[in-house]
Each structure stands twice: as C-alpha cells, then as structure tokens.
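S.K.: Chains as they are written, first to last, in the working numbering: chain G, 14 to 763; chain U, -13 to 144; chain W, 3 to 82.
Don't read these hints as lab results, they were simulated from the structure. Any given hint could turn out to be false.
Label pairs and their in silico Cβ distance ranges [as the list claims (entries may be wrong)]:
no., chain 1, residue 1, chain 2, residue 2, range
1, U, Leu48, G, Pro700, 28 to 36 angstroms
2, U, Glu(-2), G, Arg47, 37 to 45 angstroms
3, U, Leu48, G, Glu95, 31 to 39 angstroms
4, G, Glu331, W, Ser69, 30 to 38 angstroms
5, G, Glu95, W, Pro40, 23 to 31 angstroms
If you want a taste of the chain U side facing chain G, the calculated C-beta under 8 angstroms gives, among others [claimed, not checked]:
no., residue
6, Cys2
7, Gly41
8, Thr124
All residues carry an ideal CB built from backbone N, CA and C; glycine is no exception.
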Amino acid sequence: MSEARQFQHIGQRIIRPDGFDKVTGRANYGADFRLPGMIWGKILRSPHAHAKIKKLDVSKAEAHPDVLAVATHQDFPSVNSEAFAAGEAMMDVLDLARNVLADKKVLYHGHAIAAIAATSEAAAAMALNLIEVEYEVLPPVMTLDAALAEDAPLLHEDMITQGLTEPATTPSNVASRMELKKGDVAAGFAEADVIVERTYETPTVHQGYIEPHATVVRYDDKAPSLVWASTQGHFDVRASVSKLLKMKLGQVKVIASEIGGGFGGKTTVYLEPVAMILSKKSGRPVKMIMSREEVFRASGPASASRSHVKIGAKQSGEIVAMEATLHFEAGAFKGSPMGPGCMTIFTPYDVPNLFVEGYDVVVNKAKVAAYRAPGAPQAEFAAEMAMNELAAKLKMDPIDFRLLNAAKEGTQTIYGPKLKEVGLVECLEAARRSPHYQSQVAKGCGRGLAAGFWFNIGGQSSVTLNLNPDGTGTIIEGSPDIGGSRASMQMMAAEVLGIEPNRLNPIVADTETLPYNQTTGGSRTTFATGMAVIEAAEDVIEQLKSRAASLWNVTAEQVDYKNGVVLNLAGDDQMTLAQICASAEKTGGQISGRGNVNARGAGPSFAVHLCDVKVDQETGKTDVVRYTAIQDAGKAIHPSYVEGQFQGGAVQGIGWALNEEYVYNSDGIMENAGFLDYRIPLASDLPEIETIIVEVPNTFHPFGVRGVGETGIVPPLGAVASAVSDAIDRPVTKIPCSPPHVLSMILNKD
Amino acid sequence: MKTHVQTEINGEAVECLIDPSTTLLNMLRNELLLTGTKEGCGSGDCGACSVVMDGELVCACLVLGVEASGAQIETIEGVADKDQLHVIQEKFLEHAALQCGICTPGLIVSTKALLAQNPDPTEEEARYFLAGNLCRCTGYDKIIKAVMDAASVLKEAS
Amino acid sequence: MAVVRFSSHLETLTGALETEVKAVSYRDLIQELLEKFPNLKDAGLQDLALALDGELIQEPLLVTFSSTAELHFVPKLAAG
C-alpha cells in the first residue's frame, strides 16, 4: 500500500539509461540485425480483396537458381481451431495461420499467399512473379452495411453468430454479439426531459508506427531456433511461432529488438512464422521486412465502427439512461475489440440505467489488431459527442454536466464490478481550473472537450536483479521498451534499494533469460513489471541483511536496511550495499534478487482533454490552436515519460479525428497506402500539447502507479470533433473531420 | 554488374560495390553497415532516413548510392564526437524528446541542418522545417522544446 | 454469503440476476455455480476474468474471498 510520502528518486526526470544509443543511431531495431549467410524473404500478396484460390503453383519459383525456399499455407502442420492466448487477445490459431499465409481464400487486398527466400532482396521480389495463382474473384464486402445485408457475400461459410438471444441457424458475416445492461433503460428514458440520439461513425485507421515490421529468423535443428523481431511481446512471438509450427517453446528463442513504435499493432505475428518456414527449408537465416505499403495493406489496422447512442437526462442535468448499439469491423477474421468498446463506452458516468449491445462483423479488410485502448476511442467518441450535445441542450457547462454525473469510487460499471478509487472528478476539476479552460475561446474558433476511460491491466512479469562485487548491477526485465520504461525500472529499483539509479543498468532480456513476460501493452509495464522490479529489489534487501547479519554474527532481526546501508541494531556497525557485495563470495556466493508476479490491482486511468480549433470556412481545413491533456497517473514515476504518453496519445487521436482514414476503391483496394496520403499529424500541424498530471494513487501498487499509455487516445476524438462542431455550429457525427467533410457540413444547412 | 562507389561518410573515405539501383539508404545500411539511418517508408515521406549530402538535407531513400560518388555525406553516426554528445543530442535526452527513438536519428540530423541554416528559428520556423520528419510517439511537443533549447544554447556558445 | 452478480449473457443461462454462494474460493465457486446452474457449463466461465469487490483479476484460479464479497465474471481484457 502506498502512502503520501517523499520519494528520493520517484518523480525525478533522469536521463534514460538507453538514451545514448538512441540519439547516436547505435540502438538496434528490427531491420538492423544480420547473421552470416543471411538471405532475404519476400511475400506474394493477393491482388483481390475477396477470392477463392483455385490454383497455386510455386514450381517455377522453386526451380529458379536464386530461390532457396518457397512457403505456402501447406507448410503449416495442420492446426485445429483453438482459442490461444497470444498477444493479450484470445486468438483462434487457425485464423492466425490463415492470416499469416492464406489457405483456400484470400480475404483482403494484400493478404499473404506465399513467400520466397532468395539470395538478394531484388531476386526474391523478382521471383514472386514466377508464382502462378488462379483466382475465382468474389464481390468484396467493404462496409458494415454490405456485410450485414440480407444477401451479403459470406467471408466464412461456417460463421454462425455467437451470442444472439435467438440462436442463428444460417451463416452470416456477424461473428458475435454481446450485451451488457444495468437497471431498466426504458423506465429511465421515460423520466428524461431531454434526449440526444445519434449514430456516429469512425473509419479504419492505422497505428502508424514509423518502424515497419521486421525480423531475422534462423531455424536450428539441434539448438533453439533464433528469432530477432521488432515486437511488443517477444514471449508471445515465441508462443505464436511455436504453436503454428508445432515446435516446443524451448526450441524457439526470441530476442526483442528495440522497437520503433507498436501501439498495439506489434502484439501479433505476420512475418516471423513465414521466415521460420523459409529458414527451415533453405537452411539459411532469413530476413524479412515489410515495406510501408505492406504495413498499411497487410498488418492490422484499427476497427472502423458505427455507434448508435441515446442519452437521456432530466432538466437538472441528472442522466437517467444511456443506451448504445455498436458495430465494429473485425476485418477478415473475427475478433474486433467490440467487447472493450461495450464495456468502456459509458463507464465515465454513474447512471442507474444502461444498455449496450455490440456486434463483431467481418469485412474484406486486413484483420484488425489492437490500437491503444482498443475499442474505447471508437465507442467513447460517440458517447462524448452525445454528452456535449446534451449539455448544450440543457444549457449546462460540459464540465459541470460531467461532474454532476461522474463515475467515482463505488460507481457500479455496466460490466459488473464497482469502481475503486479513481480520478475522473479530479481530472474534471483540473480541466476547469486549467489556463486553457479559463481562457476565452479566440474569435473564429471552437472549443470542445471529452472524458476518457481505460481499465489498464496487470499480468505476468518476471525480473532478476543481479549485483556485481562492486555494488553495480543489472535489472534484467522482459518488457520491450516502447516509451522509456527502462528509466522507470531503474528509478523504482533505486528507490527501494536507496542507491543512485545509474548503479543499476536495466536491460530487456530474451526469452531464454527469463520466464514468461506478458506483452508490453495494456498500460501494464510501469505497473506490473515495476511491481516485479520492486519485489526483486526487496528480495535483494533480504539477502543483503542476511549476509551482513552473518558477518556481524547477529540474527536477522538485529539488522535493518535503510538508504543503501545495512545497520547492525545490536551494535553500531553498518555496511553499504557495495561493501556487502564485495564480500559476497565469503558469505555464500553472489547476490541476485528475483521478482515473479502476476500483478493484480491495476487501477483504471481517467482523462479529460480540451481542444480549441480554428476552421477555415472556405476550405473546411481545421487547425488545432490549443490542446490540453489531463490524466490521472496515480503516481508519475518519471513525469517526462508520463507527459510523453499523454501527448503521444493526444496527437494520435487528433490525427484520427481530423485526417486519418483508409480510403478504399470499389475493388476493395486501399488507395492511400503511404504516409503522403495517409496523413498523420506533422510538427507543423500542431501547437504545444499542454499536460496536467493528476495523481490519485492506486493503492494496489507500492508507489501508487496507474498505467497511462492508453487512456490518452480516447478523449481526443470527442474533444476535437466537438470543437469542430462548436466552430461550425453543426453536429459532427462522422470522423475524420477532413476538409471536404467539414466543408460539406458547413454548406449543408440541415 | 555492380558499380564501384567512392564517397566520404562523416569525414572518412569509404568505397563499396553496389547495384546501380541501390539507394543511398540501402548502401549505408546494408553495404557500409551504418544502420543508424532508418527506413520508415522508402518514399521520402517520413524523414527517418535524413542525411546531409554536400551540405544539403536529403532523404537517403530518394538518392541513389551512385549519386553519392565523390560527395560528402553526414549521417547520425557523425554527430557525436566519440562519447561526447552534440548539444542537440543532449537536449533531446534532457527534454525526453524521444520515446521509441526510431525517428530520432533523422530528427537530429534535420535539426542540425536547421540550425546550420537558421541558428535562431522561431518555434513556427522550427516546426515547418521539421515537418518532413514524422514522429508517432511524442506528438512533437518535447522535440520542439529540445530544438529551441539547443538553438539557444548553441547561440550563446557562438 | 458472498454474492455473484450475472451479466446479461450469463443471466440468460442462469435465469437469475444474482445469487448467494457459500464458496470462499474460486475453485469452490465454479463448482457451486455449475451445480446450481447446469446451463453455465457452456458459458466458458474458466475463460473469464473475475471482479472481486471491484478488483479485476485476470487469473483468478487461486483467489479466495470473504463471505461478504461481491463477485462478477467479466470478459478477459485485450489491450494495445
């Protein structure tokens, strides 16, 4: 349990230990690795969004002198449909195998069909043309309406909707339905004086990590095969690869490279299993890198969605009922984040009557992957827009309206449990006091705001803390560092041990060095891996005390540890950590601490964002002129990296709200598969992103930490779109608010 | 048939044999093993491969290796002086202007080019000069703060 | 007695919004619920997370609780 206390290191802004390598170009990312004898792999991708594969003939490619191996789906040992925990989501193994290399059908433009390993990148690319494929082209299903239509072409002939009140008897494109409720919405709405009811839409978007997927794989028969991969979770890469290829976990060693962004998109596998097959067949290490175009077309974007939301309130501002029907696009295989969408949509509010139903729908687009609080941005965008419209109808300030109905400790969520201590009220009050909110909205500008919620997870982390004879040491942890977490590990260990942080070097170790560590994601790393670091440091302290006691010939109860020093309570000796390490050889061997947790008690993080925009009434172009991100971090271990998470999430959300969308043509082909036309925010698009860190400690963590990585992407969609709505005096129900869309809203006066 | 290229990288004369279609980016990374310069898009849209060629900031993915013949190339590997970081690198670390770090080499090279050209930029000038360097993690806020701080320190020193 | 509250989906299988249980451990809880509501055998309870007095526990196998506990079954979380 944490208490309000003074910390020595927690809360400082140290230079990150991996910083030198990052600013000098020395850090090694996915594509920066090589092995002797390495060859190059390339993938043949479907030119059709939806087709049956009638014939696949790789013989000419196999015969080419530069080609050393060819892989197809037939190279997977047969796998049965089985749910399998990998990358934080239950994933059907058969679906995974079919996504990595298509089986009998191709289900999106860019779907991998076969792969070639050749002596050079150019030779591999050229040899792809030697593969002969015959397709029976089918009509592509590219929208929710097309997927749900009576006579819709079916992506999967065996897809029977799960979770319907009346069980389905015929197949469809709806994988599942979910329903959550609390109280009685019909009775609730009957008491409403004002109701807002609208349908909101969000497009397919990509996480936009700047580093494409990359891997180097060397199959080995007698020793563990080696996988070097850019990934958020190398232990889950090991699990996926070994499952798909029927290898034992101990036969696959995965090294996590430094990772150039993931945001959820690198929690699954695309290239690694293919490279393993190619390496096995060729007897050579194989390097595979996705091009930027392949990243857009064939990695996992975030679900497009449609949300019908209805909220009713009394004239006093008390919300009496909230209801929603959510449709999420899963892409080619089942498994959108419809569930978390349903669970989070109304969670910022304490309302007695709630009803949410959600549908997971397949379409001929790439299979979606997680994107920072998956499902929540789409769903909460809809709720927040309706909330702002309702506040305006009630002539209430939108912050006051939210305060009146805010979720707090004891609020029962729609998914069942009551919230423990949370910081939404504190965030709303901080928003109201903020310089941004206190300022007048500039002429010609509009202002919007929105709240956001994400659960955050704990999960499994294992850490070893090894001390050297001179009192320096290493923190060996297993969480790929996507945002500077190694600095926080160093600080938490230093705080517990009472030494300077730079005495301990944190490293992210491979799958052979530590037991299983869950993926970096879910806002879990500082929380759960931090808990393991703390546990390992406390284990070290016990060992230090015991060694000192034996040197002084006293009992364990007669020593204490404070600020890096063991004190003899039965005398006035003391020994520093370094001194005890120096004599470790004499007292039983080297000192090494261990922390293995399956962390419980992750605290949710609430946020409130404020946004001012200026809209050019002639072109529809929208500029963000002021932005403030306010979020509850519980306890900010390293404030700069906490602020960084707030700012990064905010800007991804700004992009989602203003510019980003996958544009498809009538054949189901993405037309803007590059950074020129898939327009993520640039430095010149943005103002300073002001941040306010709220700290309502999570009492389950020794320092009060709440995960912060994900919540920050939830409020910006509603904050930005509401600001646009305010600026143009029209209700916005669809994002992105790109210039043509805003202009058409300005011109259509309905 | 491969072409023999002789060039100067970070003040050092180097040579290699490359296919004429090889980009400067791939020549640096795959032939010269200088992997500090990154590929984010291969089409000149992200700036991760920013290098300076004969004093001009370019995307190495849009330059052919053969074009580097006889030229002077500066990459991220030449910014620090052995273990002494450049002010720009120090400020990036101090301001936490990087999270995953993949865009950082390109941004540091671009920032150095900015300040060589315009030692006293306004924030707007800095943002527009660096608009060709995409970052997805930071939202650019701390990057710009680092750049402005580096500019002011370098100005003092000169 | 601890109380288990059922979500919509589980409610359709049990016919009840909530039920009291004698169990004080997760293992005994599952056994007691399956005996009381045989239809729950198709619900995949073991694949769900458990919320215990508001705390979401993704791996509840070894969880024990008091006789005043409030329990919910909640889908396991994916995240990014």
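S.K.: Against each hint, give a clear statement of whether it holds in the structure.
M.R.: Hints versus structure:
{"no.": "1", "hint": "U/Leu48 x G/Pro700: 28 to 36 angstroms", "verdict": "30 angstroms, holds"}
{"no.": "2", "hint": "U/Glu(-2) x G/Arg47: 37 to 45 angstroms", "verdict": "21 angstroms, violated"}
{"no.": "3", "hint": "U/Leu48 x G/Glu95: 31 to 39 angstroms", "verdict": "47 angstroms, violated"}
{"no.": "4", "hint": "G/Glu331 x W/Ser69: 30 to 38 angstroms", "verdict": "35 angstroms, holds"}
{"no.": "5", "hint": "G/Glu95 x W/Pro40: 23 to 31 angstroms", "verdict": "25 angstroms, holds"}
{"no.": "6", "hint": "Cys2", "verdict": "15 angstroms, violated"}
{"no.": "7", "hint": "Gly41", "verdict": "20 angstroms, violated"}
{"no.": "8", "hint": "Thr124", "verdict": "6 angstroms, holds"}
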